[in-house]
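Protein chains in written order, with the numbering used here: chain A, 1 to 419; chain B, 1 to 419; chain C, 1 to 149; chain D, 1 to 149.
Among these hints, one or two may not hold up.
[Said to hold, decoys possible] The list that follows gives simulated cross-link-like pairs (lysine-lysine, BS3-like), each with its CA atoms no further than 27 Å apart:
1) B/122 to A/258
2) A/406 to D/11
3) B/33 to C/11
4) A/406 to A/17
Hint data in this document are derived by calculation from the structure and do not stem from the laboratory. Predicted model, so just to flag it, every value in this text is computed and none were measured.
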Amino acid sequence: MATNKSQSMTYSLDIEKIRRDFPILRREISDGKPLVYLDNAATSQTPVQVIADITRFYRDHNANIHRGVHTLSIEATELHESARRKIARFFNAPTSDECIFTSGTTESINLVAHAWGRQHLKKGDRVVITEIEHHSNIVPWQILRDEVGIELKYIPMLSDGTLDMDYASDLITTNTKLVAVTAMSNALGNITEISAVVDLAKKAGALVLLDGAQSAPHLKTDIQQLDIDFFACSAHKMLGPTGIGLLWAKMEHLTTMKPLMGGGDMILTVSMENSTWADIPAKFEAGTPNIAGAIGFGAACDYLTNVGMENIRNHEMQITQYAIDKLQRIERVRIFGPLDSKKRGGVISFNIEGIHPHDVGQVLDSDGIAIRTGHHCAQPIMSALNVPATARASFYLYNTEKEVDKLTEALNTVIEYFG
Amino acid sequence: MATNKSQSMTYSLDIEKIRRDFPILRREISDGKPLVYLDNAATSQTPVQVIADITRFYRDHNANIHRGVHTLSIEATELHESARRKIARFFNAPTSDECIFTSGTTESINLVAHAWGRQHLKKGDRVVITEIEHHSNIVPWQILRDEVGIELKYIPMLSDGTLDMDYASDLITTNTKLVAVTAMSNALGNITEISAVVDLAKKAGALVLLDGAQSAPHLKTDIQQLDIDFFACSAHKMLGPTGIGLLWAKMEHLTTMKPLMGGGDMILTVSMENSTWADIPAKFEAGTPNIAGAIGFGAACDYLTNVGMENIRNHEMQITQYAIDKLQRIERVRIFGPLDSKKRGGVISFNIEGIHPHDVGQVLDSDGIAIRTGHHCAQPIMSALNVPATARASFYLYNTEKEVDKLTEALNTVIEYFG
Amino acid sequence: MSGTLLDELYKEIILDHYRQPRNKGELVNSTCSANGANPLCGDEIQLQVTLVDNVIEQIAFTGAGCSISQAASSMMTEFVQGRPISEALVGVLSFQEMMTSGVPSEVDGFDDIDALMGVAKFPARVKCASLSWKTLEQALDGNSTATTE
Amino acid sequence: MSGTLLDELYKEIILDHYRQPRNKGELVNSTCSANGANPLCGDEIQLQVTLVDNVIEQIAFTGAGCSISQAASSMMTEFVQGRPISEALVGVLSFQEMMTSGVPSEVDGFDDIDALMGVAKFPARVKCASLSWKTLEQALDGNSTATTE
Ligand SMILES: Cc1ncc(COP(=O)(O)O)c(C=O)c1O
Ligand SMILES: Cc1ncc(COP(=O)(O)O)c(C=O)c1O
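Next comes chain A alone, as it looks inside the complex (with noise of 0.2 Å):
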């Protein structure tokens, strides 16, 4: 018990507390085992605070937006509007209409590659990834890099995962118009270097786009102090619903945006000859919005911005380091990304040598506990480490000590098993 206090005294988080805002860790899994949810790079859990919000909108306010003169109508536009403000706040955006909802990270990407990409990248223009990113920030640019004739370059990993910034430095010459990278891996979990990278972009004149998928989560976002351009990432990640996510642009890029979606809120007048577009950022979002999305995205930055976000990073360095430490000592585990817990998020890639990560996976769920296994939407990640799949524990505010040790139990088994 003593142990134990002194040990919860140095977060500064009640997380007994915080679990009990998220019902599903009461559930149990297959035979009675008490669920350890260690997929939050995935996708992380959602605390009644939010889905209550959601439910009340239905329950209470239900409507279409914009344009009721209803009272309904009225509150709903309210709610969806205080939650665009209330997102901008959590990132610090200059101003809430520079924030456009989308259905996520994937979306607002590819808002980028075809809204700004096509109206401003031309054949020969030069666009720089990374090794390191998600699909959903290769596949866009691949699609333009066929149908416009731009060139598409990857900055290389090294051999723990983090980006080759020397070989960045050539790679950002001055024909490149933009460097979209994530701010942190979701498959390695080692977190970019972004003023490194925005500084070689500002030099060549380049725009900046950051994935923040992984990274809102996790560590605290000023978007203004990042001095980028643009910003994406899902509310799904960090305790909001399915849905909805997030494109945030500076204004003079949005101007030049064409939206890539023509229908009702987004035209200021149609005619059967002609339309005019509305304002920002309503000319980027077409159609009924993801009302009861939007709110409960608003509803979980609150829930963040409570907790504090520097707290749930110091507990999920905290977390990782002693995760890290324990599954060293595992003789055949072998561990990818760096191991200093303060150069990445809590998302530890691993494998077993001569088992499959499918199979650690499949062991690990019989006793509850739910890691990932496959590529991870990363394959050049994977190419580059030389393995089909690595198995991937990535932590949250709410998960403990106490589910690591379950964790590096369960690895004990599972190489037992398969010997």
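Add chains B, C and D with the ligands to chain A, keeping to what the hints say.
Coordinates of chains B, C and D with the ligands only, in the frame set by chain A:
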């Protein structure tokens, strides 16, 4: 009492029982006026069954889908895919693989314009739409016209809002590649004679896209029987959640369509050089989908099936005819669209001579009555009717004749108030 | 129909301007003009101004719209008529502020106009009340169209 | 670690094939071959077949993957070795059906293979178990690649 009873006997719906499923209908507006929700063409209300399925997902099964070996991920995948099967069954699609989840009708139509249109349409090809379309089925084609140089032609409406089919048969020439038409007007409520349009299109060798945003919630839809090529609708108008909709398309079209978005889940392999697409429907569903939304959409289909689409249609015809008859008795009221409830859904657009719809809507709201006022995202209709805007009351399965009485009473007060 | 809140919006003086709009009509010798539209609700205004030595000698409007937009147009023209451009532009700003804050303005001559302060409680109607002021700004700026969105 | 359900997946006979795969290696004189991949989990198989008079005289595989895909490959090769193409294709179909139904097959010689019937309860693993069969089908069809997705 006796009349009440015999009246409710003519429906096969137990409206009072249905109303208990919709918690928002117990809400009060401003100072204690019970909500009379007559804005169903904008969005429908959400029954507890749908809310509960969404909540249950977040409380018990939340995980990212596909590729997960752990229990939650397998459960979430199964819930997501079983929703797809429910929706396919609801619309009698030949196979659920042809059902693509989108964020709503607007995205569905834009997806066809981008992914099919850009692939198959060239300068001079004709796309025929109608003057009664929602902006979502106008603007995407205007964008395509401006980019590709297609010819965009409109089937005009007659004075009662029905389509001029003689004119249509001249418009749908052999260089017409697509006829995109709404199954029911959201502004006037008239029901399109789809089979006549399909016949003309087939004769010309054109494909048919049906905008089912308004018809799907209210009329039984049998995709196979309609003999169309594309079908679009939104869950939020048919008792489901916001942020989710359907694009159904024939497999032969889906096969030739390029994906609009690149990212996770829509690829089979990604290397730095190239990517290969996954199978359909995954190819069109990049990124983490709106999992809770899809589940809620499936639950809404279940709810509608349980009540019975024929019962809903009968109820709506009855209440609409009742409303038309009562409204006609108010001297200065002008009703737009056909006066026969068989030719229209439960949507009534009207104006009071000399009083602006905005003022009508405002005064009604102070009595708890929610109607919509404005151009209803259908400006070409407003131009054709030569009105700047209309007031619109729209009904659904939970509305009662007593609510219609409240509407007409309140309209009389409006007339007194503004004189 | 419930009183209180609704009566705050439709004050008697507003309905009066709506029923008997001042300065409605066309000018023969205007020196500048602008058209304004609020396409989402269908409000429209055509504004004509006769400027003499930077003073609004005459002003008139035509158009159609809801009671709020009509009454606001009538009140606006009454206020600016005979005032120098500089005072008219103070009116534009003060009106904007009143729509945001819901607090009556201190501006001299805003007496009737202050009755519109209740509109601030009805976000969907703020555009209706603001249209004529925005159009005035455009006319004085030498532009010819204004939209509120 | 809980037994029951997991032991249904990893039956002793499966682990045996996984640890001592039969027919693993390369053929010198193959008449047809195919590569299979399950990119999402990283399973890979290279399959070589020597056909003589429409009979599978010899078969061998290399590759890497999880225990299920490895064991399934081993069992598949053991089953088809020495059988005519027609019987091998019946095997392909029967295996597919077993994966859908979860019911053991009636096919003669499926004894070991029937142990894989538990896989049907683990939807994420069905692709692992099916890869070698799909690749066999491709090889016999004269194609050179197979993917399961
Ligand atoms: C006929 C019609 N088409 C399309 C739409 C657009 O639907 P959504 O806003 O859900 O994308 C609507 C919604 O108002 C509609 O009524
Ligand atoms: C780094 C990174 N980028 C992008 C994405 C895509 O996010 P979504 O699937 O929510 O669109 C992910 C999600 O796995 C990610 O980890």
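Do the hints match the structure? See the list:
1. B/122 to A/258: holds (21 Å)
2. A/406 to D/11: The given pair, whose Cα atoms are some 25 Å apart, holds under the 27 Å limit.
3. B/33 to C/11: Holds - the C-alpha atoms of residue 11 of chain C and residue 33 of chain B are around 22 Å apart, at most 27 Å.
4. A/406 to A/17: holds (21 Å)
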